[in-house]
Amino acid sequence: MENKETRRAILNYIERNSKANLGDLAIMMGTDEVTIANEIAEMEKEKIICGYHTLIDWDKAGSDMITALIEVRVTPQRDKGFDKIAERIYNFPEVTSVYLISGAYDFMVILEGYTLKGVSQFVSEKLSPIDSILSTATHFILKKYKDHGTIMVPQKKAERMLVTP
Amino acid sequence: MRNPLSKKIVQLEPSGIRKFFDVANEMKDAISLGVGEPDFDTPWRIREEGIYSLERGRTFYTANSGLMELKTEITKYLKNHIKVEYDPTHEVLITVGGSEAIDAMFRAMLDPGDEVLIPQPSFVSYLPCAVMADGVPVVIDMKQEDDFKLTAEELEAAITPKSKILVMPFPNNPTGAIMTREDLEPIVDLVIKHDLYVLSDEIYSELSYMGDHVSIASFPGMKERTILVNGFSKAFAMTGWRLGYACGPAEIIEQMTKVHQYAIMCAPTNSQYAAVEGLRNCLDEVKKMREAYNQRRRFLVHEFQRMNLECFEPYGAFYIFPCIKEFGMTSEEFANRFLFEEKVAVVPGSAFGACGEGFLRVSYAYSLEDLKEALGRLERFINKLREEQKYK
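Keeping their order, the protein sequence lines are chains A and B.
Our numbering puts the first residue of the first sequence at -11, with every later residue one more than the last.
Our numbering puts the first residue of the second sequence at 26, with every later residue one more than the last.
A couple of the hints might just be wrong.
[As the list claims (entries may be wrong)] The following label-pair restraints were derived from C-beta to C-beta distances:
| no. | chain 1 | residue 1 | chain 2 | residue 2 | range |
| --- | --- | --- | --- | --- | --- |
| 1 | A | K48 | B | R83 | 37 to 47 Å |
| 2 | B | E249 | A | H136 | 47 to 57 Å |
| 3 | A | N(-9) | B | A379 | 42 to 52 Å |
| 4 | B | E178 | A | C38 | 50 to 60 Å |
| 5 | A | Q143 | B | N50 | 16 to 26 Å |
Quick caveat, the hints were computed from the structure, so don't treat them as lab data.
Beta carbons are placed, not taken as given, at the ideal position from N, Cα and C, and that holds for glycine.
Construct the complete structure from the given sequences, taking the supplied hints into account.
Next up, the structure:
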């Protein structure tokens, strides 16, 4: 398999299961463990692979974690465009994602916190006072049906018969 | 009272899979490597289109030969994938699964005494369908040393003046064997030389792992003597929707349509609309599924090698066909013991023809986790058998 092909195959696989072990990956991609390990190390260095996360259903874990989506409208700064403002926002540790968005507003900010009050405090005391920010609209997530490609609500059991032609 | 039954039907052997199926399905906690259908759900776009078509009230018959829209999409798909052009109006028939296409073809083409050449191991329906159509099945045994391909020598030896149809079941269920362009060339020569027709069952064509699938219909002079059968069950994970198709010369399709018209009327309307969406927008998902199958295929081949279980490398479908002759028991005995002792269902190779004796059909239409669990049990089981043999 060509290097590019191997990379794509590895990424497609570990995007869904970063726990896959090198041995299994090597067999499934039709190559050897060293190649897989090297490619992964390379891609980590190149920041193609940016990290390994675990998808957690915090509700089930008994945590009161709440997630807010905040739409932010800003006036871009001269010479720096949106990037400088984004930096002001993404450096807060409670902010988990910041996206520049086309359409009615500019940034989509995703925030995790433990209380409603905490989130609203963050918005009113940290976010809104930033000079270039014109307005914000905060939405709280009530239920996660699907997250990162994984369906979070209970799924049906397999219904195939045991033996078929 | 008079005997209510037809001798012809009573004399048909029930499918060997059926027998095993009844045993396996009584075992509540058994796991399986025995299914002949994808583990993936039908892509949501297709299901959603099926729901939508019901909401729209598309609950009526379609034309006997199928929706023009679907037939047109099929011809586009075949042109792209196997480089054969069919006329959607006269050369395509939409059927209730590939199986109905097989049945309709035999009934439309066979007169009593006409011989049907059936390479085995292969899908369980060819032989009984030939018999039901008053044809005479002539079995050709394929061998492990040929990677379960059909060879020209074996074909030629089976041909008689009465031979009319050659069944080409590739990619193959249950062996996973494929026929490459080079493999097909001498077969094509014989087919033309002996003026045969071909039933090319390409239901697994999307599941080819060594380059693109090559259709025998794409060889010069072959389109006019081939009925190509394909469908949506395997590639699009749509087994329960019951939708397939046959493409071939207008004069044969016309007669097959007559059989279909009187026996079936038309394929389910809902499934036909859903399939249009599949051909238009789900080929990427088909590709993803193929990639997942290919990964599992490599995994199984590797594991069987590690266990020293004799097995040729399959390049098609989602089956692998290991040899169990070393254990000195029949496929059925092996499968039964494996089921009762380790609670794993596999299908005895003998269910697909006598020459499948000594082999098992193992399906990899399962998640990697399920495969690992089942293979762990298989390894334990064969280790036990090898121990037993030492003390014999």
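How the hints compare with the structure:
| no. | hint | result |
| --- | --- | --- |
| 1 | A:K48 / B:R83: 37 to 47 Å | holds (41 Å) |
| 2 | B:E249 / A:H136: 47 to 57 Å | holds (52 Å) |
| 3 | A:N(-9) / B:A379: 42 to 52 Å | holds (47 Å) |
| 4 | B:E178 / A:C38: 50 to 60 Å | holds (58 Å) |
| 5 | A:Q143 / B:N50: 16 to 26 Å | holds (23 Å) |
In this structure, none of the earlier numbered hints is contradicted; all agree with it.
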